[in-house]
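Participant: Guided by the hints, dock chain B onto chain A, whose structure is given.
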Amino acid sequence: MTIDRSFHHCYGLVLDSELPLLDLGPDLGPAAAQTPGAEIVTIRRGALDGRPASADPLPLGLWREGDRLGLDVPGTASYLVRGGREIVVDAEADADPRTVRLFLLGTVMGGLMMQRGHLVLHGNAFRVGDACAVVVGRSGAGKSTLAAELQRRGLDVLADDVVPVDRDGNALPGYPRIKLWEDAVTRLGVDPAGLERVAQAVDKFQLPIERTWTEPLPLRWVYVLERHEGDDLTITRAGGMETFGLLHEHTYRNELVHGDAVVREHLDLCGRVAARSRISRVTRPARLMTAEATADAILSDIAGPAGTVQESA
Amino acid sequence: MTEQPDHSSATTFVRRPGLHAVEMDGELVMMGHEQGEYYGLKDVAASLWEHLAEPRTAEELCALVADEYDVTADACRADVVAFLDELAGKDLIERR
Numbered sequence: 000m001t002i003d004r005s006f007h008h009c010y011g012l013v014l015d016s017e018l019p020l021l022d023l024g025p026d027l028g029p030a031a032a033q034t035p036g037a038e039i040v041t042i043r044r045g046a047l048d049g050r051p052a053s054a055d056p057l058p059l060g061l062w063r064e065g066d067r068l069g070l071d072v073p074g075t076a077s078y079l080v081r082g083g084r085e086i087v088v089d090a091e092a093d094a095d096p097r098t099v100r101l102f103l104l105g106t107v108m109g110g111l112m113m114q115r116g117h118l119v120l121h122g123n124a125f126r127v128g129d130a131c132a133v134v135v136g137r138s139g140a141g142k143s144t145l146a147a148e149l150q151r152r153g154l155d156v157l158a159d160d161v162v163p164v165d166r167d168g169n170a171l172p173g174y175p176r177i178k179l180w181e182d183a184v185t186r187l188g189v190d191p192a193g194l195e196r197v198a199q200a201v202d203k204f205q206l207p208i209e210r211t212w213t214e215p216l217p218l219r220w221v222y223v224l225e226r227h228e229g230d231d232l233t234i235t236r237a238g239g240m241e242t243f244g245l246l247h248e249h250t251y252r253n254e255l256v257h258g259d260a261v262v263r264e265h266l267d268l269c270g271r272v273a274a275r276s277r278i279s280r281v282t283r284p285a286r287l288m289t290a291e292a293t294a295d296a297i298l299s300d301i302a303g304p305a306g307t308v309q310e311s312a
Numbered sequence: 000m001t002e003q004p005d006h007s008s009a010t011t012f013v014r015r016p017g018l019h020a021v022e023m024d025g026e027l028v029m030m031g032h033e034q035g036e037y038y039g040l041k042d043v044a045a046s047l048w049e050h051l052a053e054p055r056t057a058e059e060l061c062a063l064v065a066d067e068y069d070v071t072a073d074a075c076r077a078d079v080v081a082f083l084d085e086l087a088g089k090d091l092i093e094r095r
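Top to bottom, those sequences are chains A and B. Take 0 as the starting number for the first sequence in numbering that gives the first Met the number 0 and just add one per residue. Take 0 as the starting number for the second sequence in numbering that gives the first Met the number 0 and just add one per residue.
These are calculated hints, taken from the structure and not from any lab test. Heads up, a few of these hints could be off.
Example chain B residues on the side facing chain A (calculated, C-beta under 10 Å, incomplete) [unchecked claim]:
#: 1; residue: 26
#: 2; residue: 30
#: 3; residue: 34
#: 4; residue: 37
#: 5; residue: 41
Calculated pairs, SDA-like style, for lysine to any residue (alpha carbon to alpha carbon, straight line, at most 20 Å) [said to hold, decoys possible]:
#: 6; chain 1: A; residue 1: 203; chain 2: A; residue 2: 4
#: 7; chain 1: B; residue 1: 89; chain 2: A; residue 2: 198
#: 8; chain 1: A; residue 1: 203; chain 2: A; residue 2: 137
#: 9; chain 1: B; residue 1: 89; chain 2: A; residue 2: 237
#: 10; chain 1: B; residue 1: 41; chain 2: A; residue 2: 240
#: 11; chain 1: B; residue 1: 41; chain 2: B; residue 2: 78
#: 12; chain 1: B; residue 1: 89; chain 2: B; residue 2: 11
#: 13; chain 1: B; residue 1: 41; chain 2: A; residue 2: 271
#: 14; chain 1: B; residue 1: 41; chain 2: B; residue 2: 85
#: 15; chain 1: B; residue 1: 41; chain 2: B; residue 2: 68
#: 16; chain 1: B; residue 1: 41; chain 2: A; residue 2: 238
#: 17; chain 1: B; residue 1: 41; chain 2: A; residue 2: 259
#: 18; chain 1: B; residue 1: 41; chain 2: B; residue 2: 57
#: 19; chain 1: B; residue 1: 89; chain 2: B; residue 2: 44
#: 20; chain 1: B; residue 1: 89; chain 2: A; residue 2: 262
#: 21; chain 1: B; residue 1: 89; chain 2: B; residue 2: 72
#: 22; chain 1: B; residue 1: 41; chain 2: A; residue 2: 274
#: 23; chain 1: B; residue 1: 41; chain 2: A; residue 2: 267
#: 24; chain 1: B; residue 1: 41; chain 2: A; residue 2: 237
#: 25; chain 1: B; residue 1: 89; chain 2: A; residue 2: 259
#: 26; chain 1: B; residue 1: 41; chain 2: B; residue 2: 24
#: 27; chain 1: B; residue 1: 41; chain 2: A; residue 2: 241
#: 28; chain 1: B; residue 1: 89; chain 2: B; residue 2: 74
#: 29; chain 1: B; residue 1: 41; chain 2: A; residue 2: 244
Here the structure is a predicted model, which means the values were calculated and not measured. Ideal Cβ placement from N, Cα and C applies to all residues, glycine included.
Extracted from the complex, chain A is given alone in its bound form (with noise of 0.2 Å):
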């Protein structure tokens, strides 16, 4: 008997799955697997026992011991990643298989890529020229209306939620949609009901993404979107401490920094990082939605000189 399997690229490597990778676009067949120096990262159902008593657990159900990281969602599935390479899904019976996915193409490939030696960033990434740039926030902060946004007006998306950046600065594209709540979505005058939802019951959907580019670009900037009370939107640069504050706090799950050896990696990552690209904090007002002028300030801050950014929103 003969188990489906289907093939697909994503941040440079070759996803060999059991499971389905509907978000991924479409299957390349088993020559995708075939081409010489592909890098293959094995995706498979299996039994797994959970955390082994002898690990060390983290926070959101994570847990890791040598080269192996788990995580166990309850209701869902417990998932095993080991040594960068092979991913092992143990899903209940009857989980809703878009969550499953979820969590396989949120922190399981997030915890994958760090095994890989990569500073994974919690954010979008966009092209611009022979570079990109990577906006970074925490959830709710508005990252994936912005990349919508950018998307609208023509650049290229390279990734969402997730970007893996490689020793040598180089940030990895991703899979082509992005998750948006439904009135983003509507905002950009897209009907849902044509889209996927992330998850079963949750009012956030899939939107596929046209791009032209899907190799890795050198990260030349990194803007952070915070919110405060006032009326103005700034960018303003980072330096020094506050440069690794903010890498830190938007590392994916940076719950797994943890230990010595991976500690130590991370903080080498994030001195690369900012010896070649420029990080900078958008400002922007609480009250009003402001991914078109948020979108405005940051092409402008890329385009023009250095400096501070003033624009009223």
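Facilitator: Structure of chain B alone, referenced to chain A:
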């Protein structure tokens, strides 16, 4: 009980092994001794940290700072000693 560092002339101070620091925009960002602790060192503090790669007496450090920053060793002694106390208090240096 915390032992107070001794600043008598023969005592040397040196970085604890295994601590890791990375430069960001001219500032040193350093892992602390405890999980999740980080410290930023800049200017004189960063320079002192560089010198603490090898065992140094407080007096040697004062002389190095005095030379680099064009002040007298007397003028910076109190600050250097206070900084060494702070580093020792955070377990970032050890006394030999």
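Participant: Give a verdict on every hint.
Facilitator: The hints, checked one at a time:
no. : hint          : in the structure
1   : 26            : holds (3 Å)
2   : 30            : holds (6 Å)
3   : 34            : holds (7 Å)
4   : 37            : holds (7 Å)
5   : 41            : holds (6 Å)
6   : A:203 - A:4   : violated (27 Å)
7   : B:89 - A:198  : violated (46 Å)
8   : A:203 - A:137 : holds (17 Å)
9   : B:89 - A:237  : violated (26 Å)
10  : B:41 - A:240  : holds (9 Å)
11  : B:41 - B:78   : holds (14 Å)
12  : B:89 - B:11   : holds (17 Å)
13  : B:41 - A:271  : holds (18 Å)
14  : B:41 - B:85   : holds (15 Å)
15  : B:41 - B:68   : holds (14 Å)
16  : B:41 - A:238  : holds (11 Å)
17  : B:41 - A:259  : violated (24 Å)
18  : B:41 - B:57   : holds (19 Å)
19  : B:89 - B:44   : holds (14 Å)
20  : B:89 - A:262  : holds (18 Å)
21  : B:89 - B:72   : violated (25 Å)
22  : B:41 - A:274  : holds (16 Å)
23  : B:41 - A:267  : holds (18 Å)
24  : B:41 - A:237  : holds (15 Å)
25  : B:89 - A:259  : holds (17 Å)
26  : B:41 - B:24   : holds (10 Å)
27  : B:41 - A:241  : holds (12 Å)
28  : B:89 - B:74   : violated (25 Å)
29  : B:41 - A:244  : holds (15 Å)
This entry does not satisfy hints 6, 7, 9, 17, 21, 28, going by the numbered hints stated previously.
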